[in-house]
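*Asks:* Listed below are the residues making up each chain.
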Amino acid sequence: MTTEAVIDRNLYAHGSFRTPIGQPRMDDARDCAYADFVRERSHALLRSAYLLTGDQHLAEDLVQEALARTHRAWSRLERPSNAEAYARKVMYHAQVSIWRRPKVAEALPGDGLERHGGSVDDPAEATVRRITLQRALLSLSPKQRAVIVLRYFEDHTEVEAAQMLGVSVSTVKTQCGRALDRLRLLVPDLRAFADAQEAGR
Amino acid sequence: MTAPDPLREELCELADVVVPADLYERSLIRSRRIGRREAAIGTTAAVVALALLGSGLWRLPKGAEPAPPVAVAPVGPSASAPVAPTSAPAVRPGAGETPGNSRPDRPRPRSSTSSPRSTALGDLPGQIFYADAGDDGRLVRLTGAGNPSTVLSASNSAAGVSPDGSRIAYVTDGTLMVVDAGGDDPRQVYAGTASAEQAPAWSPDGGRLLIDAADPGVLDVATGRLSPLAAGLEGRHFRWSGDGTTLVYATPDCGLEVAGTTAQSGTPVPDRSETDGRAACRPVSVDATGDLVAVQLEPSAAADAAEAPADAILDTVTGDVVDLPVSGKIIGAVFDPDGNLLVRSQKGGKTRLWLFAPDFTLLVQAREPSRLEGLDLLAYTR
Numbered sequence: 011m012t013t014e015a016v017i018d019r020n021l022y023a024h025g026s027f028r029t030p031i032g033q034p035r036m037d038d039a040r041d042c043a044y045a046d047f048v049r050e051r052s053h054a055l056l057r058s059a060y061l062l063t064g065d066q067h068l069a070e071d072l073v074q075e076a077l078a079r080t081h082r083a084w085s086r087l088e089r090p091s092n093a094e095a096y097a098r099k100v101m102y103h104a105q106v107s108i109w110r111r112p113k114v115a116e117a118l119p120g121d122g123l124e125r126h127g128g129s130v131d132d133p134a135e136a137t138v139r140r141i142t143l144q145r146a147l148l149s150l151s152p153k154q155r156a157v158i159v160l161r162y163f164e165d166h167t168e169v170e171a172a173q174m175l176g177v178s179v180s181t182v183k184t185q186c187g188r189a190l191d192r193l194r195l196l197v198p199d200l201r202a203f204a205d206a207q208e209a210g211r
Numbered sequence: 043m044t045a046p047d048p049l050r051e052e053l054c055e056l057a058d059v060v061v062p063a064d065l066y067e068r069s070l071i072r073s074r075r076i077g078r079r080e081a082a083i084g085t086t087a088a089v090v091a092l093a094l095l096g097s098g099l100w101r102l103p104k105g106a107e108p109a110p111p112v113a114v115a116p117v118g119p120s121a122s123a124p125v126a127p128t129s130a131p132a133v134r135p136g137a138g139e140t141p142g143n144s145r146p147d148r149p150r151p152r153s154s155t156s157s158p159r160s161t162a163l164g165d166l167p168g169q170i171f172y173a174d175a176g177d178d179g180r181l182v183r184l185t186g187a188g189n190p191s192t193v194l195s196a197s198n199s200a201a202g203v204s205p206d207g208s209r210i211a212y213v214t215d216g217t218l219m220v221v222d223a224g225g226d227d228p229r230q231v232y233a234g235t236a237s238a239e240q241a242p243a244w245s246p247d248g249g250r251l252l253i254d255a256a257d258p259g260v261l262d263v264a265t266g267r268l269s270p271l272a273a274g275l276e277g278r279h280f281r282w283s284g285d286g287t288t289l290v291y292a293t294p295d296c297g298l299e300v301a302g303t304t305a306q307s308g309t310p311v312p313d314r315s316e317t318d319g320r321a322a323c324r325p326v327s328v329d330a331t332g333d334l335v336a337v338q339l340e341p342s343a344a345a346d347a348a349e350a351p352a353d354a355i356l357d358t359v360t361g362d363v364v365d366l367p368v369s370g371k372i373i374g375a376v377f378d379p380d381g382n383l384l385v386r387s388q389k390g391g392k393t394r395l396w397l398f399a400p401d402f403t404l405l406v407q408a409r410e411p412s413r414l415e416g417l418d419l420l421a422y423t424r
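Sequences listed follow chains A and B, in order. When we follow our numbering, the leftmost residue of the first sequence carries the number 11, and every step to the right adds one. When we follow our numbering, the leftmost residue of the second sequence carries the number 43, and every step to the right adds one.
Check before you lean on any hint, since a few could be wrong.
Said to hold, decoys possible - From the structure, some residues in chain B lie toward chain A, with a derived Cβ separation under 10 Å:
| id | residue |
| --- | --- |
| 1 | Leu53 |
| 2 | Ser73 |
| 3 | Arg229 |
| 4 | Ala233 |
| 5 | Ala236 |
| 6 | His279 |
| 7 | Thr293 |
| 8 | Cys296 |
| 9 | Asp362 |
| 10 | Leu366 |
Think of the hints as simulated: they come from the structure by calculation, not from any bench. As the structure is a prediction and not an experimental result, all values here were calculated from the model. C-beta atoms are modelled at their ideal positions from N, C-alpha and C, and glycine is treated no differently.
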């Protein structure tokens with residue numbers, strides 16, 4: 011083996027798939043699958059992470075960590091389709107774990123609100139509504155916020171949310187109820203919704 | 043869930059704010075860093091092992107080791123006297139040389155079921171605690187005398203039973219409470235804690251509680267002083283070894299790690315293919331030395347998976363599953379502080395309790411009272 015080959019092998023011993031000049035090193039299907047997974051699913055992960063953290067950069071950090079852990083576990087994942095579930099699990103665990111000191115935005119980013127998405131009828135009103143919701147979300151505990159995102163953004167059942175967070179279903183119910191109460195308090199537009207949820211318990 | 047609902051729409055609109063980012067390179071760089079860190083940990087362990095070998099410690103004859111202290115005099119297979127559990131793990135050379143044991147220096151069960159010293163429930167020493175998940179965490183205690191009794195009506199959270207079985211710690215409305223088993227006068231010992239990720243875990247001396255607080259750490263029950271854990275110990279569901287020197291816990295990405303109580307970081311338990319990562323999310327209890335950990339491997343049928351009892355024992359050094367010579371399906375397994383292992387199994391509609399000494403001698407195999415059906419094995423104490 012040439013010296014260059016040895017260096018090359020060492021460089022990628024921990025799973026890098028690209029050469030130093032940025033060319034893909036797709037020497038097997040597994041590497042391609044990981045690259046495809048990141049390309050196709052990272053934005054979806056980023057959307058959830060943004061709701062969890064309230065900040066673009068913190069969301070990117072969170073997804074980066076989840077992807078890195080997923081990359082390290084890639085060989086143990088039986089199917090690439092398991093990768094997203096694994097990455098999401100890492101992401102939620104990392105965010106709700108008090109041992110990791112979860113990070114959330116300290117100041118609300120307002121710059122991006124006008125540029126991306128929004129209501130078609132009144133942009134100013136939509137912006138205010140989003141800031142209100144974001145502020146309310148950030149006032150929740152990390153676990154409450156995670157439960158709300160899992161239940162009402164990702165449409166998971168209580169059992170699925172509990173499995174994702176590694177907590178009991180009763181914990182999910184309790185946290186969800188408290189979170190909805192707080193959101194109803196802070197976001198007037200959601201009062202009717204929260205009342206309906208309350209009636210349905 | 044009914045659709046459309048305003049909360050979902052609002053969340054989707056809010057998520058639209060995020061800007062797409064290319065995280066491929068960043069994730070690979072981070073992955074390499076994690077790999078280097080893991081390699082460094084492995085290297086450190088190898089250096090320590092080499093240093094031990096070089097120091098000639100391995101030449102010490104096993105017979106020169108001090109005999110483990112015995113708290114209770116050994117009792118023969120008399121049906122009238124309780125079988126005394128061993129008070130410390132007795133490492134017997136050759137005792138663990140069974141097929142599949144990758145660490146022959148450690149005691150491991152024999153491959154076939156052996157005859158128990160007793161089949162009488164009355165010979166089972168100590169106290170067994172069960173949780174009733176369907177009744178707000180009601181706690182029930184069973185002793186060898188039979189007659190299960192409720193010792194806590196509703197903890198509403200995962201509870202921790204002290205090593206002597208006399209006190210129960212639980213969290214209610216963010217407050218850590220301690221109550222005498224069977225008593226009705228709980229006292230508040232700490233405000234601002236939770237139990238979803240960390241049920242209160244008693245230290246083997248019964249003086250401290252490892253809790254999930256704003257400053258996570260070890261609470262001195264007598265003084266109320268909280269000592270934070272080392273920042274490098276990132277995890278949840280911490281459990282003490284019986285000798286109080288070791289912690290086993292789950293990492294945020296569902297791996298198991300072992301650390302000394304004063305260590306700055308933990309050592310990963312190897313993730314074996316036979317466990318398929320399933321054990322990673324919650325250790326249940328640890329033996330006397332931190333050598334073995336009870337975990338839940340099979341996906342729980344119960345909805346409350348986070349409180350589900352253990353169904354397997356893992357070697358924390360090799361990650362191997364220890365084959366237990368138990369007939370039927372294992373529906374619970376816990377160590378007591380002295381390293382004795384209590385296993386609960388179910389077969390043909392009957393539930394049995396198996397008590398193993400630390401060297402896996404089968405001390406008692408007895409039928410469990412039917413009144414405990416449907417409850418979860420929580421703890422086994424002195």
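*Asks:* Does each hint fit the structure? Answer for all of them.
*Replies:* Each hint, compared with the structure:
1. Leu53: Nearest chain A Cβ about 4 Å off; hint holds.
2. Ser73: Hint holds; Ser73(B) Cβ to chain A Cβ min 4 Å, cut 10 Å.
3. Arg229: violated (24 Å)
4. Ala233: violated (16 Å)
5. Ala236: Check passed: Cβ of Ala236(B) comes within 8 Å of chain A, closer than 10 Å.
6. His279: At about 8 Å, which falls below the 10 Å cut-off, the nearest Cβ of chain A leaves the hint on His279(B) intact, so it holds.
7. Thr293: Check passed: Cβ of Thr293(B) comes within 8 Å of chain A, closer than 10 Å.
8. Cys296: holds (7 Å)
9. Asp362: Hint violated; Asp362(B) Cβ to chain A Cβ min 17 Å, cut 10 Å.
10. Leu366: It is violated, given that the least Cβ distance between Leu366(B) and chain A is near 25 Å, above 10 Å.
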